[in-house]
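Protein chains in written order, with our numbering: chain A, 40 to 319; chain B, 160 to 283.
Any given hint could be a false lead.
[To be verified] If we take Cβ atoms under 8 Å as the criterion, some of the chain B residues that face chain A in the derived model are: (1) H190; (2) A260; (3) I264; (4) Q265; (5) A272.
I should point out that these hints are in silico values taken from the structure, not numbers from a laboratory.
Glycine residues also receive a C-beta, built at the ideal position from the N, C-alpha and C atoms.
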Amino acid sequence: MDSGPYYFVKDLPLHELIAHEFISTFVKKGKLILSLDKDTYEETGLQGRPSQYSGRKTMKFIVSVDLMDLSSKLDSKKYKRISWAFKEKKPLKFDFLLAWHQTGAEGSTMMSYFSNYRIQERQPKIALSTVTDLPCPVLRSGELRGEPEASCSAQELFEWLGAVFSNAELNNEPDNFISTYCCPQPSTVVAKAYLCTITGFILPEKIRLLLEQLCRYFDEPKLAPWVALSVQGFADSPVSWRENEHGFRTGGEHLYNFVVFSNRDYWLHLAVGAGDDCPP
Amino acid sequence: MPAAAAAYERIVYRNPSEHHYMKVHLEFQDHGIGLNAAQFKQLLISALKDLFGEVDAALPLDILTYEEKTLSAILRICSSGLVKLWSSLTLLGSYKGKKCAFRVIQVSPFLLALSGNSRELVLN
Chain A
40 MDSGPYYFVK
50 DLPLHELIAH
60 EFISTFVKKG
70 KLILSLDKDT
80 YEETGLQGRP
90 SQYSGRKTMK
100 FIVSVDLMDL
110 SSKLDSKKYK
120 RISWAFKEKK
130 PLKFDFLLAW
140 HQTGAEGSTM
150 MSYFSNYRIQ
160 ERQPKIALST
170 VTDLPCPVLR
180 SGELRGEPEA
190 SCSAQELFEW
200 LGAVFSNAEL
210 NNEPDNFIST
220 YCCPQPSTVV
230 AKAYLCTITG
240 FILPEKIRLL
250 LEQLCRYFDE
260 PKLAPWVALS
270 VQGFADSPVS
280 WRENEHGFRT
290 GGEHLYNFVV
300 FSNRDYWLHL
310 AVGAGDDCPP
Chain B
160 MPAAAAAYER
170 IVYRNPSEHH
180 YMKVHLEFQD
190 HGIGLNAAQF
200 KQLLISALKD
210 LFGEVDAALP
220 LDILTYEEKT
230 LSAILRICSS
240 GLVKLWSSLT
250 LLGSYKGKKC
260 AFRVIQVSPF
270 LLALSGNSRE
280 LVLN
């Protein structure tokens with residue numbers, strides 16, 4: 040399945056992202072959201088609001104620029120001020136990862152648009168592996184909390200998935216010195232399990248296609264009782280779901296996990312760390 | 160028989176994790192020093208004991224994965240013991256007379272979050 044290229048641009052000045060040509064070529068709707076520390080925020084001179092997770096002394100500020108609104112009023116004072124802030128007052132340059140949901144076939148537009156900057160096309164890395172004789176928790180789609188002696192809870196499954204993807208030992212005895220972790224009970228042993236990891240900057244549209252393909256796995260009867268798809272966001276991203284602010288306390292985790300059962304029931308875990316609001 | 164109507168249930172948990180998970184890496188000033196999994200665990204227990212005493216040295220601590228070549232591990236600790244473990248790792252300075260330090264790469268209440276680290280994405 041094609042998980043699409045993404046692009047890496049080094050030292051791209053911010054003013055390029057508010058250029059009218061950029062917005063009309065690549066942006067259908069969107070905002071530019073900046074998460075800045077106090078000094079940078081004061082130096083840019085832009086209007087923003089304090090971060091929700093800053094603590095008593097506000098050290099982080101969020102600036103949000105509506106790009107569609109901006110590009111429709113190029114003569115406005117607002118555009119002139121933002122342009123001046125990014126070009127002269129505090130020219131900021133960052134390395135960017137760009138991905139573009141193309142409805143046409145031209146991928147070269149992005150490469151040629153940013154040809155003055157060092158733009159490189161990248162493909163997400165795909166790693167496939169097979170695990171044999173895997174102890175696997177027994178699940179019942181209608182029982183999220185699990186049923187003693189009958190099925191495991193969603194929380195136990197979530198931890199077990201982490202153990203599988205980290206290659207942890209799943210069969211430790213309770214008196215083992217190194218680790219006492221074992222697969223949640225009740226469990227069965229699965230002869231073969233397929234694991235696939237895709238790493239990169241991946242568009243939601245691609246993930247939706249992948250999920251649809253996974254659901255079609257059960258179009259014909261299969262031995263497997265369920266399949267799972269887990270998606271993790273970038274730890275340092277300023278936003279998580281929609282435009283919710285994303286913070287990094289001890290960890291910047293924000294992830295979701297679909298479990299699709301053979302009867303088309305599904306479970307969806309949404310997990311965030313301490314620096315985030317409850318997911319939608 | 161008519162199909163059952165679609166049902167929907169949403170459960171929200173706050174701080175549900177009994178455990179926290181840490182991805183750590185032990186770095187020595189000089190190279191060529193190896194520890195097996197049991198020695199690594201013993202080192203963690205003695206770090207806890209030095210700072211917090213016998214009782215906290217017996218905190219339920221698991222080494223879920225351990226790589227002897229790189230001296231990196233994923234640890235599982237009960238959530239109430241996270242701060243004690245983390246501070247013990249921070250203050251550990253040597254092993255058998257050799258200078259070393261623990262680097263904490265990732266911490267999360269979710270083990271699945273440790274299977275990927277966006278800060279390790281290599282771009283250059």
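Status of each hint after checking the structure:
Here the hint on B/H190 is broken, as its CB sits about 24 Å from the closest CB of chain A, past 8 Å. Because the beta carbon of B/A260 sits about 19 Å from the nearest beta carbon in chain A, more than 8 Å, this interface hint is broken. At a threshold of 8 Å, the smallest CB-CB gap from B/I264 to chain A is about 10 Å, leaving the interface hint violated. Taking 8 Å as the C-beta contact cut-off toward chain A, the hint placing B/Q265 at the interface holds, the least distance being around 6 Å.
Because the beta carbon of B/A272 sits about 4 Å from the nearest beta carbon in chain A, less than 8 Å, this interface hint is met.
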